[in-house]
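So the sequence lines, in the order shown, correspond to chains A and B.
Okay, so the first sequence: first residue is 1 according to full-length UniProt numbering, each after it adds one.
Okay, so the second sequence: first residue is 1 according to full-length UniProt numbering, each after it adds one.
One thing to keep in mind: the hints can contain errors.
[What the hints assert, rightly or not] With a straight-line cut-off of 30 Å between C-alpha atoms, the simulated DSS-like cross-links for lysine-lysine are:
(1) K47(B) to K136(A)
(2) K52(B) to K93(A)
(3) K227(B) to K81(B)
(4) K129(A) to K149(B)
(5) K93(A) to K81(B)
(6) K129(A) to K109(A)
(7) K262(A) to K289(A)
(8) K46(B) to K93(A)
(9) K52(B) to K227(B)
(10) K14(A) to K129(A)
(11) K14(A) to K136(A)
(12) K93(A) to K122(B)
(13) K115(A) to K46(B)
(14) K47(B) to K115(A)
(15) K120(A) to K81(B)
(16) K93(A) to K120(A)
(17) K122(B) to K129(A)
(18) K109(A) to K47(B)
(19) K129(A) to K47(B)
(20) K136(A) to K52(B)
(21) K120(A) to K46(B)
(22) K81(B) to K115(A)
(23) K129(A) to K81(B)
Calculated directly from the structure, the hints in this document are not laboratory data.
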Amino acid sequence: MSVDLISPPPNLTKEETLYLSQQAPHILQPSIAATLPWPLSVLFGNETQDTWGTYENVYLACLRTGDDKSARLLLDRLVARFGESNERVMAFKGMWAESKAETEQDCIKVLDEYKAELEKEPTNFPVQKRRIALLKSMGRIPEAITQLVEFLNSSPTDGEAWSELAELYVSQSDFERAIFCLEEIILILPHAWNVHARLAEVTFLYGQSIFSSNPGEAIRAMAESMRRYCRSIELCDNYLRGYYGLKLVTKRLLEVLPSAPKSASNTTDSAFSDLPLPSVQIVERLNEKSTERLANIVRRNAAAERGWDGYDRAEVIAARELLNREEKHVER
Amino acid sequence: MAQPLVQTIHRDPALFYWILLPITVVMILTGVLRHYATVLLQSTPKKQPLPKIRENRSLMQGVNLRTNANHISSTSFQARKSYLVSGFKSGAFLADPEARGKPPANPMSDPAMMEGMMSMMKGNVAMMVPQTLIMGWINAFFSGYVIMKLPFPLTPQFKAMLQSGVGTRDLDVRWVSSLSWYFLTLFGLQPVYNLILGNDNSANQVAAQMAQMNPGAAMGPNNDPDKLFLSEAENLEVIEHDYILNGIEERLLASLG
Numbered sequence: 001m002s003v004d005l006i007s008p009p010p011n012l013t014k015e016e017t018l019y020l021s022q023q024a025p026h027i028l029q030p031s032i033a034a035t036l037p038w039p040l041s042v043l044f045g046n047e048t049q050d051t052w053g054t055y056e057n058v059y060l061a062c063l064r065t066g067d068d069k070s071a072r073l074l075l076d077r078l079v080a081r082f083g084e085s086n087e088r089v090m091a092f093k094g095m096w097a098e099s100k101a102e103t104e105q106d107c108i109k110v111l112d113e114y115k116a117e118l119e120k121e122p123t124n125f126p127v128q129k130r131r132i133a134l135l136k137s138m139g140r141i142p143e144a145i146t147q148l149v150e151f152l153n154s155s156p157t158d159g160e161a162w163s164e165l166a167e168l169y170v171s172q173s174d175f176e177r178a179i180f181c182l183e184e185i186i187l188i189l190p191h192a193w194n195v196h197a198r199l200a201e202v203t204f205l206y207g208q209s210i211f212s213s214n215p216g217e218a219i220r221a222m223a224e225s226m227r228r229y230c231r232s233i234e235l236c237d238n239y240l241r242g243y244y245g246l247k248l249v250t251k252r253l254l255e256v257l258p259s260a261p262k263s264a265s266n267t268t269d270s271a272f273s274d275l276p277l278p279s280v281q282i283v284e285r286l287n288e289k290s291t292e293r294l295a296n297i298v299r300r301n302a303a304a305e306r307g308w309d310g311y312d313r314a315e316v317i318a319a320r321e322l323l324n325r326e327e328k329h330v331e332r
Numbered sequence: 001m002a003q004p005l006v007q008t009i010h011r012d013p014a015l016f017y018w019i020l021l022p023i024t025v026v027m028i029l030t031g032v033l034r035h036y037a038t039v040l041l042q043s044t045p046k047k048q049p050l051p052k053i054r055e056n057r058s059l060m061q062g063v064n065l066r067t068n069a070n071h072i073s074s075t076s077f078q079a080r081k082s083y084l085v086s087g088f089k090s091g092a093f094l095a096d097p098e099a100r101g102k103p104p105a106n107p108m109s110d111p112a113m114m115e116g117m118m119s120m121m122k123g124n125v126a127m128m129v130p131q132t133l134i135m136g137w138i139n140a141f142f143s144g145y146v147i148m149k150l151p152f153p154l155t156p157q158f159k160a161m162l163q164s165g166v167g168t169r170d171l172d173v174r175w176v177s178s179l180s181w182y183f184l185t186l187f188g189l190q191p192v193y194n195l196i197l198g199n200d201n202s203a204n205q206v207a208a209q210m211a212q213m214n215p216g217a218a219m220g221p222n223n224d225p226d227k228l229f230l231s232e233a234e235n236l237e238v239i240e241h242d243y244i245l246n247g248i249e250e251r252l253l254a255s256l257g
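Whole structure, please, built from the sequences with the hints as guidance.
Printed below as a string of structure tokens:
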């Protein structure tokens with residue numbers, strides 16, 4: 001297993017997290033330099049810029065795996081190095097308190113601490129983000145959304161916060177707002193194919209949700225979603241999520257496009273682009289291509305070919321499932 | 001055919017050990033010392049208040065929208081454009097809406113500015129003091145020595161550069177005086193510092209002085225945020241929107257073959 005200690009991928013699996021947290025004793029070993037008297041310890045200390053990134057990541061992994069002893073030691077070292085008033089350290093200390101909080105009351109206590117801190121120093125972004133995360137994990141979604149909106153008002157170029165807000169809106173089925181947030185991320189990172197795919201997903205969900213009330217607009221949303229998926233594939237070849245979505249959305253479009261109401265081609269007061277609806281042939285060809293590519297990916301991944309083994313296991317299984325369902329359908 | 005006359009000067013080898021080497025070593029060590037002094041003297045950058053952060057980031061949002069407008073649909077773009085343009089024009093994002101239209105404040109009266117000036121002064125002192133001291137040291141002890149001979153010939157124009165402090169007209173250009181050696185090390189040690197201290201060191205004072213030549217460039221951006229907002233609003237208004245998803249299906253099908 002290869003997990004980068006300095007910058008682990010954002011979505012660690014359980015095994016990877018466990019592996020990271022097991023590195024803790026090794027990292028916590030006191031170096032010889034630390035035992036030397038003052039001027040020598042500075043001269044021979046081998047602190048690099050990566051040292052503290054490693055500490056942070058292992059600390060987070062330890063919190064996740066419940067290795068509180070190591071986590072506390074790592075946190076103490078971070079505090080000793082950067083001081084109590086460092087913003088990041090404050091957020092990490094908050095996480096420690098959160099992990100220790102067992103009842104609702106404890107959580108509220110931590111929240112109050114955050115609040116007091118933010119009143120003292122309103123620019124403390126790490127603590128502000130912790131507060132929002134805690135609100136979210138306590139299930140107080142509307143409050144978290146209010147806080148996030150306030151946060152984004154003062155820091156509108158924070159892609160992380162926008163994506164968090166988008167996910168919160170999706171969880172509330174407020175797809176229109178989620179689409180807005182995802183577009184905001186695309187303005188910040190125009191070539192993030194995963195964000196393009198996510199935007200396509202949410203657009204598709206939106207189209208599905210309004211289909212019964214406003215089929216014309218729903219079809220336009222699906223066409224937009226299809227184009228978004230195309231863009232994400234254009235940006236990243238063999239992007240499984242992109243092909244999976246493209247296949248789903250084209251299949252749905254093939255069902256509804258021939259019977260599209262007139263209002264679907266009305267481009268003036270649509271919330272989506274003024275591009276004309278795609279022709280049925282194009283959608284058909286896209287559907288064929290995506291099926292072909294998806295089958296290709298699944299086959300080569302199953303054969304463990306070189307360069308094809310980086311896919312998420314769950315995603316590959318889902319893709320195979322989708323393909324199998326289709327095949328059965330054809331047989332019947 | 002007479003050979004061109006080669007000047008020979010019999011130098012005491014002690015000149016090498018007691019002048020050339022000390023000057024070089026002292027110059028390197030001062031550079032290292034200066035680097036660490038600058039690091040120590042640097043004050044931590046002052047935190048910006050929240051409205052100022054908001055102002056900067058809103059401007060960045062405008063810039064982002066302008067550069068990446070083609071990646072979102074025209075409806076979304078128009079909505080964002082009208083929001084940002086009206087906000088920019090009315091000064092809704094300004095950190096200090098009252099100061100709109102007033103001339104920029106005198107930098108001397110602003111404590112934040114004073115702090116910046118202070119740090120610059122500190123840097124200056126760290127640069128100037130060692131330079132003066134070493135120059136004085138070399139002048140007092142080693143002036144007038146010829147300490148080395150370059151292994152290659154040079155044109156007479158280099159005489160002023162290589163033989164400062166030695167007023168002998170007929171001396172071959174290849175001979176280098178101690179004061180000139182000081183200057184050569186002063187200007188030429190940057191690669192050595194890079195080797196010892198890493199790339200972003202502040203050991204070389206020549207580079208630091210270059211940076212000081214145009215302090216206006218560093219201060220320019222915070223001149224008048226209102227003007228920046230207005231010009232950004234203008235930029236946004238004239239932008240032509242060309243949606244990137246236009247014709248994407250054909251593009252993708254063509255690339256997939």
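Item checked: Violations among the numbered hints, reported as their numbers in ascending order -> Of the numbered hints given earlier, those the structure breaks are 4, 5, 12, 15, 17 and 22, listed in rising order.
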